[in-house]
Amino acid sequence: MQNGKHSANIKDVAALAHVSTATVSRFLNGNFNRMSEATADRVRVAIDKLKYVPNSAARQMTTKSSNLIALIVANTDDYFSTELFKGVSSILESNGYIGTMLDSDSDFQREKKLIGAVNSHTFDGLIIQPFSSIATISNIMRREAPIVIVDRETPQAPWPQVVTNNFDAAREATAYFVEHKFTHFIVLTSDLSAAINRRERYRGILAASSNVDVLEVSESSYNHKDIHEQLIKLLTKSTERTVIFALKERWLLEFIPNLVLQGYIDNVKATATGFADTAMSRRLEPKLKLISQSPFLLGASAAEVMVKSLTDDTNQTDDVIVVPAKFG
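For the sequence shown, the residue numbers in this note's numbering are 1 to 328.
Calculated directly from the structure, the hints in this document are not laboratory data. Do not take every clue at face value.
[Stated by the list, open to error] Taking lysine-lysine pairs in the BS3-like style, the calculated list, with each CA pair at most 25 Å apart, reads:
hint: 1; residue 1: K289; residue 2: K308
hint: 2; residue 1: K112; residue 2: K181
hint: 3; residue 1: K326; residue 2: K181
hint: 4; residue 1: K225; residue 2: K269
hint: 5; residue 1: K237; residue 2: K269
My request is simple: use the sequences and hints to build the entire structure.
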């Protein structure tokens, strides 16, 4: 009772429609095969007239499904995460599911807590861009629910994965610049040890050049001026033609514009490249050659795998689906 008003319940709907509560329940769950069209119409009219809102918790107990899918991303400060979620949502919603994005904020302990929350609540499945190991995820996610790894290929994972060709794309880009007489590379990256996709990109660079400096930037706290000055120092320490290679778009957008404005990036003595998730990076300097990946497509592909896992009675496979990035 609230403000003297009674909230309609399933019994009220059944009484108004002159049907049983079981019939109303079947209607709400989309099971129309056991009722006539006239009965379904009466239930629909009663629901509209009473402004009845179904109790989702009660329905979940009956159907064993919430139609909610959790997406745990590494950092919502990155445009990558936003585009990934858009891709996931586009497929989930067209199949009757709702995606919920959770942010681990590049924090291993926080990610473990989020996995635990997904395990203890009524999510139907988990799509994750992980920091945690397979063993950690398995130990926390104990109930039977499909899992899909996205963006970060994880060796020996028992679940399907949707990833980018990180090693090959980075090697191809580095080889291109070496061929065009650039001999020095500055890798601008978050903590290399924290994510396998970064390490794969770094390995790709090393496969094509041995003259590489690494500048790591903390995702949680960094001094912009200090990083800028370190980049200038590395750019000017020799007369070699140099490439700043950003392993994620966030650092391209954060540090390259000032270097372009100040003349350090001129595409002659020095240039920049990196992994780009949106068109914003190309607007920095149209002449830059970048590695374009599609987080939207990664997300959509991961969601397609998830929907198949939820609707197909066969067991999940450990397939690895590669959504290739393109350099140019």
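Structure-based check of each hint:
1. At most 25 Å may separate the alpha-carbon atoms for a hinted pair to count; K289 and K308 exceed this at roughly 37 Å.
2. Between K112 and K181 the alpha-carbon distance is near 45 Å, which puts this suggested pair outside the 25 Å criterion.
3. Only pairs whose Cα atoms come within 25 Å are accepted, and K326 paired with K181 is accepted, the gap being roughly 21 Å.
4. With a C-alpha separation of about 22 Å, the suggested pair K225 and K269 falls inside the 25 Å cut-off, and the hint holds.
5. For the hint linking K237 to K269, the alpha-carbon distance of about 12 Å falls within 25 Å, and the restraint holds.
Of the numbered hints stated above, those contradicted by the structure are hints 1, 2, listed in ascending order.
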